[in-house]
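Could you put together the complete structure from these sequences and hints?
Number of protein chains: 8
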Amino acid sequence: MTPEEIKSVLEAYRTGRLSMDDAVERFRTLPFEDLDFANVDHHRVVRQGYPEVVFGAGKTDDEVVEIVRAMLPHEHNVLVTRTNPIVAERLRELEPQARFHERSRALAIIRDRTVQGRGTVMVVSAGTSDLPVAEEAVVTLETMGHTVDSLYDVGVAGLHRLLDRGERLRKARVLVVVAGMEGALPSVVGGLVAVPVVAVPTSVGYGASFGGVAALLGMLNSCASNVAVVNIDNGFGAGVVAGLINRL
Amino acid sequence: MTPEEIKSVLEAYRTGRLSMDDAVERFRTLPFEDLDFANVDHHRVVRQGYPEVVFGAGKTDDEVVEIVRAMLPHEHNVLVTRTNPIVAERLRELEPQARFHERSRALAIIRDRTVQGRGTVMVVSAGTSDLPVAEEAVVTLETMGHTVDSLYDVGVAGLHRLLDRGERLRKARVLVVVAGMEGALPSVVGGLVAVPVVAVPTSVGYGASFGGVAALLGMLNSCASNVAVVNIDNGFGAGVVAGLINRL
Amino acid sequence: MTPEEIKSVLEAYRTGRLSMDDAVERFRTLPFEDLDFANVDHHRVVRQGYPEVVFGAGKTDDEVVEIVRAMLPHEHNVLVTRTNPIVAERLRELEPQARFHERSRALAIIRDRTVQGRGTVMVVSAGTSDLPVAEEAVVTLETMGHTVDSLYDVGVAGLHRLLDRGERLRKARVLVVVAGMEGALPSVVGGLVAVPVVAVPTSVGYGASFGGVAALLGMLNSCASNVAVVNIDNGFGAGVVAGLINRL
Amino acid sequence: MTPEEIKSVLEAYRTGRLSMDDAVERFRTLPFEDLDFANVDHHRVVRQGYPEVVFGAGKTDDEVVEIVRAMLPHEHNVLVTRTNPIVAERLRELEPQARFHERSRALAIIRDRTVQGRGTVMVVSAGTSDLPVAEEAVVTLETMGHTVDSLYDVGVAGLHRLLDRGERLRKARVLVVVAGMEGALPSVVGGLVAVPVVAVPTSVGYGASFGGVAALLGMLNSCASNVAVVNIDNGFGAGVVAGLINRL
Amino acid sequence: MTPEEIKSVLEAYRTGRLSMDDAVERFRTLPFEDLDFANVDHHRVVRQGYPEVVFGAGKTDDEVVEIVRAMLPHEHNVLVTRTNPIVAERLRELEPQARFHERSRALAIIRDRTVQGRGTVMVVSAGTSDLPVAEEAVVTLETMGHTVDSLYDVGVAGLHRLLDRGERLRKARVLVVVAGMEGALPSVVGGLVAVPVVAVPTSVGYGASFGGVAALLGMLNSCASNVAVVNIDNGFGAGVVAGLINRL
Amino acid sequence: MTPEEIKSVLEAYRTGRLSMDDAVERFRTLPFEDLDFANVDHHRVVRQGYPEVVFGAGKTDDEVVEIVRAMLPHEHNVLVTRTNPIVAERLRELEPQARFHERSRALAIIRDRTVQGRGTVMVVSAGTSDLPVAEEAVVTLETMGHTVDSLYDVGVAGLHRLLDRGERLRKARVLVVVAGMEGALPSVVGGLVAVPVVAVPTSVGYGASFGGVAALLGMLNSCASNVAVVNIDNGFGAGVVAGLINRL
Amino acid sequence: MTPEEIKSVLEAYRTGRLSMDDAVERFRTLPFEDLDFANVDHHRVVRQGYPEVVFGAGKTDDEVVEIVRAMLPHEHNVLVTRTNPIVAERLRELEPQARFHERSRALAIIRDRTVQGRGTVMVVSAGTSDLPVAEEAVVTLETMGHTVDSLYDVGVAGLHRLLDRGERLRKARVLVVVAGMEGALPSVVGGLVAVPVVAVPTSVGYGASFGGVAALLGMLNSCASNVAVVNIDNGFGAGVVAGLINRL
Amino acid sequence: MTPEEIKSVLEAYRTGRLSMDDAVERFRTLPFEDLDFANVDHHRVVRQGYPEVVFGAGKTDDEVVEIVRAMLPHEHNVLVTRTNPIVAERLRELEPQARFHERSRALAIIRDRTVQGRGTVMVVSAGTSDLPVAEEAVVTLETMGHTVDSLYDVGVAGLHRLLDRGERLRKARVLVVVAGMEGALPSVVGGLVAVPVVAVPTSVGYGASFGGVAALLGMLNSCASNVAVVNIDNGFGAGVVAGLINRL
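Protein chains in written order, with the numbering used here: chain D, 35 to 282; chain H, 35 to 282; chain W, 35 to 282; chain C, 35 to 282; chain A, 35 to 282; chain L, 35 to 282; chain P, 35 to 282; chain Z, 35 to 282.
Take these hints with a grain of salt, some might be off.
Below 20 Å or equal to it, Euclidean Cα-Cα: the simulated EDC-like pairs (lysine to aspartate or glutamate) are [said to hold, decoys possible]:
#, chain 1, residue 1, chain 2, residue 2
1, D, K41, W, D187
2, D, K93, D, E123
3, Z, K93, D, E136
4, A, K93, W, D56
5, D, K41, W, E109
6, Z, K93, D, E123
7, L, K93, L, E45
8, W, K93, W, E109
9, D, K93, W, D56
10, H, K41, Z, E45
11, C, K41, C, D56
Just so you know, the hints here were simulated from the structure itself, not pulled from any lab data.
See below:
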């Protein structure tokens with residue numbers, strides 16, 4: 035129910051076209067979607083620099099293209115996750131600014147370049163195989179309007195590579211730390227900084243890594259208290275959480 | 035190695051008391067703990083309103099008392115988690131401001147009441163059995179100098195209790211959401227707000243809740259993108275992460 | 035917002051005490067708890083013969099007694115699950131009709147004896163160790179106003195005991211089937227009847243029963259298509275679902 | 035043993051063609067399949083509007099076609115689950131009314147359009163990826179002779195979409211609720227209605243959804259008491275259970 | 035329905051006291067428990083040297099005593115598993131031959147000493163902590179009338195102890211092999227003999243033995259083809275299976 | 035060390051060519067493979083009607099053909115499991131009696147048709163999808179020289195199909211029972227017979243069957259005491275165990 | 035068969051008291067326990083500085099005392115794991131050198147102080163709660179005659195504590211690294227040294243540590259290649275492996 | 035920071051080109067990778083006969099070739115794991131000594147043939163399907179400069195094959211034992227030798243082997259105390275650990 039509809043009910047009542055009981059009934063069944071706070075999907079995007087997001091996994095190429103086509107008239111940024119080069123090509127025809135990120139298989143259409151964050155978000159990853167997930171976080175953050183620094187291939191078995199960049203780590207306002215295998219990197223990074231760390235386990239590993247379970251458990255049991263965790267391989271979710279923190 | 039020590043080596047070399055090779059050796063074996071950034075445990079506490087924390091679980095009463103006694107000369111706030119009334123009594127003799135929170139079994143000694151956060155942290159919990167974990171988060175946040183609002187017993191099977199407090203929810207700068215059983219509350223709350231949500235699964239539940247695993251998986255798989263998760267029953271960790279976010 | 039409040043806003047607007055914009059604002063922030071359909075907790079109970087329910091597990095004796103005391107002024111039936119004889123004794127002092135069921139550890143206060151169901155609900159259990167769960171379902175159903183028939187100790191390794199009661203099984207309008215160990219009973223019963231079967235796995239078993247997981251998986255994978263499952267040991271939930279079906 | 039056979043034994047005994055001992059022996063070894071109540075597979079179908087069902091998974095195309103060919107002479111409805119367009123084409127040649135549902139990969143041959151249910155069954159699903167499972171439930175219900183309403187894409191992170199259809203939800207006599215990821219939708223829907231909810235977890239999800247285990251556990255641990263659960267992705271089973279309930 | 039009852043129906047029909055239709059009805063509803071083959075619980079025991087068995091776990095002392103008291107008038111052997119010395123004392127008062135086996139917590143009343151097996155059953159166990167389970171198998175076998183040989187403490191890390199008894203191993207007609215920890219003993223024994231091996235995993239072990247899961251998996255994956263497995267700690271079941279084999 | 039070698043050492047000692055100490059040393063290091071009892075792989079086959087077995091899974095076609103070629107000079111039966119039609123074709127060229135069983139993907143070369151068993155082994159399976167595993171057991175048993183009866187598609191949701199064949203079931207000396215999904219069939223069959231039942235879980239199922247884990251747990255927790263279990267889909271192992279039992 | 039027995043057979047043959055065939059038979063059935071290499075349990079201990087070990091868990095006090103009493107006449111060192119102060123007191127009466135280690139609940143009787151290792155074994159642990167396991171490794175190593183250095187409370191969230199002791203770490207010939215929670219310490223230590231690391235996961239942790247499973251998986255998936263793992267809480271096993279390495 | 039750089043800072047300070055404060059700052063931010071002990075990746079390789087290692091899994095062919103090309107100028111040995119014949123061909127063009135091991139899919143470039151170990155490393159495997167993992171260990175060891183003996187196809191169900199090689203087993207200084215299925219071989223081998231055993235579970239197996247979990251648990255629970263475990267299928271890691279031990 036829009037404010038206009040509310041007004042028309044009020045007016046109908048005032049002028050006697052609607053009895054009080056009928057007016058009461060109309061308000062009692064007030065559709066929820068018109069309440070401001072619940073309109074999160076749509077309104078929040080506009081005000082907050084959230085990109086419009088299409089989860090590409092499990093959708094046909096045609097479905098993804100059609101959804102994006104419907105989004106283009108609004109001037110928001112658009113992010114398509116887990117898509118492919120063919121969709122990318124078709125979307126570039128619709129909107130030349132569409133850019134496909136091969137490693138993360140994400141496609142971003144950035145039209146609003148307003149900076150939303152107050153500082154830098156640092157994305158750290160343990161091994162080269164973790165890069166697709168790390169870069170999904172990076173693309174997500176950039177599409178949301180954040181400044182990103184990244185530090186790749188700094189696994190815990192070669193600490194010096196990490197320690198050497200202590201300065202850069204400590205400059206971040208929030209960090210996304212991505213790791214597979216034993217998932218120990220967020221604990222180590224968490225001990226080096228005094229800001230929130232969003233940890234992303236990846237499905238990278240062999241044998242008893244069980245598709246990321248080992249890394250997930252490692253991160254949930256982190257002995258560093260400033261670590262919170264998102265789902266396995268969920269670079270997008272980590273980017274959103276880190277972006278929301280950086281926007282504060 | 036303190037700056038003073040570095041200076042004394044430099045001076046010894048310049049004045050010839052130390053050969054170049056010996057000076058090189060001294061720097062090569064430079065003890066790490068003196069590097070500023072690595073001194074996280076100690077320095078970070080002082081500067082940042084972190085409480086000194088003692089994990090009570092698995093320690094004897096005597097051990098807890100001795101550790102706290104050693105901390106008291108510094109003027110930091112002190113938080114002891116998972117302790118008991120007997121320890122609380124002994125600590126109150128050492129420091130009358132010690133306050134034991136029965137439900138969360140946490141003890142707080144708050145001497146520095148500086149407000150560290152920029153907004154309010156909202157702690158939401160699903161059922162009354164989740165209260166011990168929710169209150170551990172509250173005590174942690176208060177000891178860190180944050181303003182906390184709380185909303186208890188608003189499980190997803192009775193949505194109206196939650197929806198009715200939409201206004202308060204949306205005023206929070208960051209939320210801690212605590213739930214056992216199916217762990218759905220963070221998804222629902224995450225959909226109602228546009229700020230980060232720190233989700234805490236609890237071990238509350240029957241049968242196939244498997245000591246909190248059902249809630250943990252529910253939260254990791256949240257369809258709301260602004261949710262990050264800490265370990266089962268880890269109210270303390272959720273409080274620390276939320277506090278760090280609110281301090282930004 | 036009660037109908038009265040809605041009326042008073044309408045009246046204030048009609049008489050000019052409230053501008054249209056202010057009236058619109060009042061309706062837009064309409065508190066949700068007043069919407070009829072969301073008031074499930076309270077209204078649904080009154081109209082539908084649902085008992086008021088107190089989950090006793092994890093609550094202190096005092097808490098349970100206080101909650102029940104607050105419920106007594108309404109004339110609903112009351113069900114307390116997983117409680118104990120001491121609480122039962124105290125509740126009998128408040129309300130002489132309180133009756134404690136030792137095996138299921140449930141306490142029922144039945145004041146409204148209106149029959150809510152249209153037929154009989156049959157509760158079947160596999161072994162004597164499954165009785166506490168089966169009887170929790172029975173007490174739940176009786177407190178909700180249903181007629182219950184029960185058939186105990188008819189495990190699948192002694193089929194004749196079950197087959198002999200085919201007539202009674204087929205008279206039920208809905209069945210609750212309770213089993214631990216391999217949890218095969220709902221499949222067998224499901225094949226003998228043409229009505230819905232609510233299956234309850236129990237934690238009864240040895241070794242690789244894993245606290246009811248074996249029975250739970252057995253029931254979820256039932257080759258009988260008329261079987262739906264509730265949580266391990268959840269006799270209460272099975273009773274509620276079966277009761278709602280029988281009420282249709 | 036048909037009544038005719040029983041009669042012929044009785045007659046043979048009465049006329050002396052069979053000794054008493056031989057007659058006793060004949061009855062003692064009475065084949066079970068002739069007992070009315072055990073002939074569920076066949077008789078139940080005829081009387082109750084159950085479709086004949088062929089589980090397509092794991093069968094060759096030829097096997098499915100042959101089984102359906104054998105079913106056609108009876109005038110029942112026929113449902114083939116998890117089949118493919120090639121089988122569909124071949125079956126359409128046998129019976130022009132065969133209709134293939136692409137998303138659910140189910141094929142229905144509806145010849146008997148008698149309405150079996152007393153009300154509407156509502157099928158609700160959380161995300162677009164859950165549609166194949168939701169539609170398997172819909173096709174199953176329609177083939178069984180039920181009126182179905184459906185509500186798709188109403189996940190718990192966007193509650194307003196669900197709450198807005200409160201009226202339609204509450205009109206259903208029984209609901210099937212389909213969800214992957216955290217599987218929270220049945221808890222929320224269960225809290226909004228006062229009738230049975232059949233929950234179907236789907237294998238939709240990423241990382242720690244573990245092929246539907248997260249959703250399954252979420253549903254089994256639902257804090258709403260009117261929820262019962264079927265196997266992961268088992269839209270067919272949910273349809274059968276809901277149909278049996280609606281037929282009561 | 036006993037043969038006598040069948041005869042009386044036949045007679046009533048022949049003499050005209052019962053119409054054919056009524057006789058048919060009587061036979062159609064023939065109670066199953068009277069069919070010989072389904073009366074396994076009772077008849078099988080009598081004919082086959084099976085003991086009457088009472089599973090003591092989860093029963094009160096009084097319940098166990100009452101059940102045994104009801105069994106005593108028959109002259110079968112009686113086996114009570116997982117009971118305690120107090121019950122044993124009470125049973126000895128009822129029947130002086132009752133003998134309690136402390137380690138296995140089994141009580142046997144052996145009155146019929148007929149040898150049921152054709153050869154020797156060998157019970158082998160890996161460690162001293164596996165003895166309670168091994169001895170439950172021994173007592174079960176002895177109560178069933180089998181000759182038992184046993185070989186204890188012959189774990190695979192000290193092969194010579196096992197190999198030295200090759201002669202005795204190869205004399206057994208069937209073996210029960212009991213092991214916890216890695217559960218490797220049945221594989222090794224299975225390779226040394228050419229008869230069936232019934233493997234029993236025990237819950238003995240530390241850390242990642244997970245209450246017998248490691249041993250259970252080890253046995254299910256045995257590279258020896260003559261090994262079949264029963265539930266964790268199920269010495270009774272292993273004894274029954276081995277006894278049935280030895281009786282052939 | 036062959037008997038010949040032993041003799042030659044003895045002779046060398048007697049004639050003085052070997053000192054006593056050297057002779058002692060020779061015997062102390064006696065190679066184990068010559069000891070009769072340990073030569074199980076080879077000798078056992080010859081004497082006992084065991085087929086020579088080649089596990090086809092994980093071997094190249096060439097490897098399988100070469101291994102079988104090496105076996106052919108002996109006159110044993112040969113069984114190749116989990117192979118394919120191309121290997122079958124090549125083996126038929128080597129030995130025309132080679133017969134490929136398509137459903138079980140087993141190839142048998144039966145040259146010795148001596149009956150090894152004393153009775154009939156019954157192979158029972160629950161659904162048509164379980165047939166490949168059931169038939170692997172059948173082929174194994176036939177290659178070992180056993181008489182096999184089989185009973186397919188008698189799942190527990192349609193008990194009458196099973197009960198009707200009670201006579202045949204009870205004629206078997208040992209049974210192999212194969213089932214996927216909830217794996218309840220061995221419990222039901224176990225209750226109907228008084229001989230050993232070898233249960234084989236299959237990986238047949240949907241969703242929470244977890245590749246046969248549900249069936250496996252169901253069988254391990256069987257309430258029938260005469261059931262022992264082999265690995266998931268291990269028709270071969272079940273055949274071997276049942277054959278060894280039937281040979282006694 | 036002892037060398038003496040071998041000699042007597044040889045002699046009997048040479049002097050004609052034993053035929054060649056009988057002598058061959060005697061050697062063919064040669065009991066294995068007399069073969070040198072298989073007598074590992076006993077001989078290995080004597081030669082190699084292995085302590086005699088009694089696993090105290092699951093044994094009664096009396097059993098432990100009796101086993102140790104039987105060991106005392108030999109002059110080996112004795113180690114009793116997981117015992118208690120009462121047993122310790124009784125053993126001190128038998129042998130005054132018995133020393134009970136309270137934290138690890140191990141008792142050592144060290145009589146042979148020969149140094150068996152060639153270098154130092156370093157035992158590192160992450161948290162104070164890991165100390166019982168770490169000290170079990172230390173006591174095991176000391177009883178085996180090794181020089182031990184230890185470094186406690188150097189968890190990965192406070193790296194500087196560890197890095198500061200780089201010198202001592204790199205002096206060890208082999209390291210035992212003990213950690214609970216995320217179990218990341220062995221990866222970090224493994225990256226700092228160039229010798230073997232024996233990792234011990236502990237059951238220390240909360241929530242999703244699952245009794246040490248998280249740490250175990252973390253260690254098995256270590257990105258450092260020089261790490262091998264023993265069972266959860268198995269300080270004894272780690273000590274033995276490290277000791278055997280250091281003895282080389 | 036190399037010694038040269040340290041010297042240049044010292045010199046700049048001595049000659050006044052750098053103030054003391056600037057010099058202090060330079061040393062305080064000393065890059066860690068230049069510290070000797072932390073330079074594990076690079077320096078350790080040179081001194082210790084470690085090969086340069088490229089993990090081929092998850093890398094494109096081009097990436098592997100480029101990394102190896104960059105390594106060739108140094109004279110170290112190079113090991114590429116989990117690669118393929120096409121990469122092998124391309125690398126042979128760069129360096130004719132490159133040798134591809136088909137079964138293990140490892141490629142080795144051995145240019146430095148210095149023997150690094152002090153004794154022989156024995157690699158033992160249970161079945162032929164375990165060979166790829168066993169040979170990965172062998173290639174790793176050879177590339178590290180160790181002498182390797184190997185013993186294949188000695189599973190525990192045919193002990194004599196293993197026992198017969200007791201002499202060779204006991205000559206090894208350290209053993210790598212590879213097994214799938216029940217993973218019992220390391221326990222048996224561990225009991226026959228008095229040196230460290232590095233156990234490698236493989237993913238070889240059927241059904242309830244769960245991709246190597248059964249073997250992994252078997253090895254972690256080994257009753258032989260001299261066994262430590264690496265990840266499933268991790269032949270490389272086992273080779274590295276065994277090589278480091280043999281180098282001591």
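Here's how the hints hold up against the structure:
1. This hinted pair does not check out: K41 of chain D and D187 of chain W have alpha carbons roughly 66 Å apart, beyond 20 Å.
2. With a C-alpha separation of about 17 Å, the suggested pairing of K93 of chain D with E123 of chain D holds against the 20 Å cut-off.
3. For the suggested pair K93 of chain Z and E136 of chain D, the alpha carbons sit about 15 Å apart, so the restraint of at most 20 Å is met.
4. For the proposed pair K93 of chain A and D56 of chain W, the alpha carbon gap of about 69 Å is over 20 Å, so the pair is violated.
5. In summary, the hint linking K41 of chain D to E109 of chain W is not supported, as the alpha carbons are separated by about 42 Å, beyond the 20 Å threshold.
6. Proximity of K93 of chain Z to E123 of chain D is assessed by CA-CA distance (about 25 Å); at most 20 Å being required, the pair is judged violated.
7. A C-alpha spacing of about 46 Å is found between K93 of chain L and E45 of chain L, which places the hinted pair above 20 Å, so the restraint is violated.
8. Distance hint between K93 of chain W and E109 of chain W is unfulfilled; the C-alpha atoms sit about 24 Å from each other, more than 20 Å.
9. Our distance criterion of 20 Å between C-alpha atoms is broken by K93 of chain D and D56 of chain W, whose separation comes to about 45 Å.
10. A threshold of 20 Å between alpha carbons decides the hint, and for K41 of chain H with E45 of chain Z the separation of about 14 Å falls inside it, so the pair holds.
11. For the proposed pair K41 of chain C and D56 of chain C, the alpha carbon gap of about 15 Å is at most 20 Å, so the pair holds.
Checked against the numbered hints given earlier, the structure breaks hints 1, 4, 5, 6, 7, 8, 9 and satisfies all the rest.
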